[in-house]
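*Asks:* Residues per chain are reported as follows:
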Amino acid sequence: MVYSTQLLLQKTVVLSALSVTLFAFVNYLTITTTHLPLLVHDKAKPTLTTFEDNKEKNLHQSIPQVKEINNQISAMWEEYGLSPSPYATDGEWCRRVHLDLIGRVPTVTELREFLNDNKVDKKQRLVEKLLSDPAYEPLFAENFTNVWTNILIGRAGGTERNSLTNRQGMRDYLYESFLTNKPYDTLVYELISATGTNAPDKENFNGAVNFLTMKLDEDGVLATAKTSQIFLGLQIQCAQCHNHPFNDWKQEKFWELNAFFRQARPLRRFEPGTRDVTHVELGDQDFVGEGSTPEDAEIYYELRNGLLKVAYPTFIDGTTIPRSGYVSDVNRREELAKLVISSDWLEKAAVNRFWGHFFGHGFTKPVDDMGPHNQASHPELHDYLAVELRKNSFNLRELIQWIVLSEPYSLSSRSTRKNKTDDPLLGEPPKFSHFYIRQMSAEQLFDSLLIASEAERSRGDRKEQEQARNRWLRQFVSAFGNDEGLETTTFNGTIPQTLMMFNGDLTNAATRLQGENLLNKVANSDMTNLEKITYLFQAGLARNPTRSEIGIANQVLNARDGDIPATMQDLWWAILNSNQFILNH
Amino acid sequence: MSQSPLNRSRRHFLAHAAGASAMTIPALSLGNSLLAKTTELRKNAKSAILLWMDGGPSTIDLWDLKPNSPSAGEFKLISTTGDMQIGEHLPMLAKQMHNLSIVRSMSTREADHTRGRYYMKTGFVPNPSIEHPTYGSVVAHELADQVPELQIPPFVSIGNSQLGAGFLGMSWAPFNVDSNGQIRNLQGLRDRKRVNQRYEILSLLEQEFEKQQRGSAATDHRKILSETLEVMTSTQMSAFEVASEEQKVKDRYGNTNFGRGCLMARRLVEAGVPFIEVNFGGWDNHQNIFPTLRDTRLPDMDRAMSALVEDLKERGRLESTAIIWMGEFGRTPRINGNAGRDHWARAWSVVVGGGKFKQGIAVGKTNEDGTAVETTPYTSQDLMASVCHALDIPLKTTYQSKSGRPMKIANGGKIIKDLFA
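Sequence lines, in order, name chains A and B.
The numbering used here puts the first residue of the first sequence at 1, with every later residue one more than the last.
The numbering used here puts the first residue of the second sequence at 1001, with every later residue one more than the last.
Heads up, a few of these hints could be off.
[Stated by the list, open to error] Each pair of labels, with its calculated beta carbon distance range:
(1) B:Gln1182 x A:Glu290: 43 to 51 Å
(2) A:Ala75 x B:Glu1149: 54 to 62 Å
(3) B:Gln1182 x A:Asp461: 44 to 52 Å
(4) B:Asn1180 x A:Arg512: 26 to 34 Å
(5) B:Lys1076 x A:Leu307: 37 to 45 Å
(6) A:Phe51 x B:Lys1211: 22 to 30 Å
(7) B:Lys1211 x A:Lys250: 47 to 55 Å
(8) B:Glu1149 x A:Arg471: 36 to 44 Å
(9) B:Ala1243 x A:Glu516: 48 to 56 Å
Derived by calculation from the structure, the hints in this document are not laboratory data.
Just so it is clear, CB atoms sit at the ideal spot from N, CA and C, and this is done for glycine as well.
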């Protein structure tokens, strides 16, 4: 079998290493090759793009969009004299695609199934499985619900006292949308024009309203800025008070867009006899205008010099709608929603955001600040994918498939001499000649730790797990409380996060030698020691241990007087705390 | 550069990791030698405290009132122990103004929160291709050498700094804590030997991955690990325990987040931490500005900031500690339709004190209604250069960004001469 040579090799080297350093303790080691069916071979350390890689690349290129991505990305490599890194190992790719699509690392079973699959179309089948297999679709939907909840209402949204946002309501709406593969333009239309109640347990529930319920204060300044930023990728918030310093957004643009939100009314409903908001109902009411002429309902804004100017609803491309403020004449949010989904900024913004999700860097930085002042790294490819997304009815799963089956997504994160200058952290526009490592999001870490401890079954159903996750996430978030609705996270790779990984509850739960816990089951199973070690490395890092790693495990075993479960516990703690665990590579 | 973050980190790392032979020495006890040391810190070690007023405080109602103009708010002027008058709702600070100076001629261009914050805290305007280090990272980087025994991270941010170390690297990132001084998850396994063994395995995993050229995130992670271990084992961490102060001291600072934050800042200065940032938000007063300032912001600020200045002075620390009070920008002289003031960067004030700063004066002047600066206008760079000068950090200090671009400390700003004797 393929694996035995590799392991035999490891065995000899390990044993000889030990004979030098550990002489007396060899009796603790029971590395044998007798129980090997558990172990599988992952493609060894990447060196060169192999014949298999090329076959696979050619296969994926039968999808025209994949081919175009590959062509345009590699054209840029040539232009800059870069050579791509070799392909990532199957284990690395498998881990990557699980994290990006379903928000957690693969289980050992999932990993081995993939590694044992010898067919050339195995990547394509894995992607299809994660996107649409009934067992995985909910995980996919949950992952993108996490991502989009943070985009739409922030990490703190709904946790404020007497909040007008119902986080669960937002999540329920998004979950349903991603589960049913709702076309992206429909999603956006609904979010902008939604009416109804924001809380899942209330009559006339429509979770989509939660995008706007808390952004309509102060004349809807935040609604205006966020709608433009999120769905059109255009940051016009500076233009609220003055002409934009770097692009051609004039102050009037902001207020003309703002005029679309003036009929929207979030009505608070209270707990009887108290001032505690139970839920909010978002609707549209006639807008009389700031000059009290509802048939010509204008708004005013203030220029820098204190003069007032008038504005009517006008989209960023100059399209106007009738000026009446009566909802029966014209529903301004519905009109805006129609204009947004027919604007080509919509698909450009979506493609940029999804590309950024999978590569860690979009075509512009940040992904939601496009325009002439911020040159895209691959303008033609960006435009091409945008057009394709619209042509394919805004089917997000298609877009995702094109991206994850592309060549750049399959490359190793190890840079080479011929591409190490391609580092966006050095301020260079990304060329995608190797995979850029990045820290897991807090949500990915939480879900991965659950998988890594196999504690998820004891954590209840989807809702209960969600609540547990939300409670845990809250420790990292703080909102600034200013008019931009900004917030910050301490989940940023610094000491508090490391302390949490060293000593926090989740790590403690994952490293406990108790019950149904993965560690406990492995440690006390009848696997050989090598198999146990290998299992833990596969569970945490989607790879087999190296010789020196087996070596140090043996040293610990020795130091712990042959206590195998305790050794596995120390090893597991180290794996979960390692850079390789917390980084998506 | 006085030292690179890499060197600092390596030194710390070696202090713990004790080499590959750790497993063969059963009694190896992590950080024993460190624990044993209750260090006598150098008295003359320099520090800086940034009091960050997030949201853009209305300096026209605090430090530079315009009583007889259309911009006049509801507040009156009061006399101070310094050579200036200030807003009436800062009575306790009025008695400390001989220790502080106001710069009334700040004039900047960034009037949105994110850009303004970035600009004021780094001295640079935001640029998508590079991340500049914030004040705390710069000062910590320059002053970390002066207290070699320091085990607390050299840049502490109370109430969450929004900016980081940028191209200086993760070792200089802020250590974010709450004002209650309780640090989550600080307590690890009690079995030191076992912690050591785990750390040995972890070090190996880290090193193997780092060798594979996968980018700086892997290297950063390893550095943070060793610093985390230090934080977990150091007795110096008791400096965070504000609750252990005498009740009368706690009362003097005020039982508020900002009060506890200022008290913690003083304790950290005494522990030798070179830079502490205390964040105090809620200054984005587009509506009902006067009751908000009078009833919520100013009382807390007045009590805590005056206590800090007084306390540092009494303990002989003010000469070695520079204080900076500022936000992203000021607020419009015009009062808007919602009885608030909007963002205004063209003419506003900051306050400094301690260190080598000349104290008790007001520098610069705005026009009649506070809309423009009439004397030499000062920028974020100039303020940062002045703070560096007050801490004896040479302005010729130059960094290299990750891409090799040279970057002058304080972005080449010029010292505000009037602030120095």
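*Asks:* Hints numbered earlier in the text: which of these fail when held up against the supplied structure?
*Replies:* 3, 5 and 9
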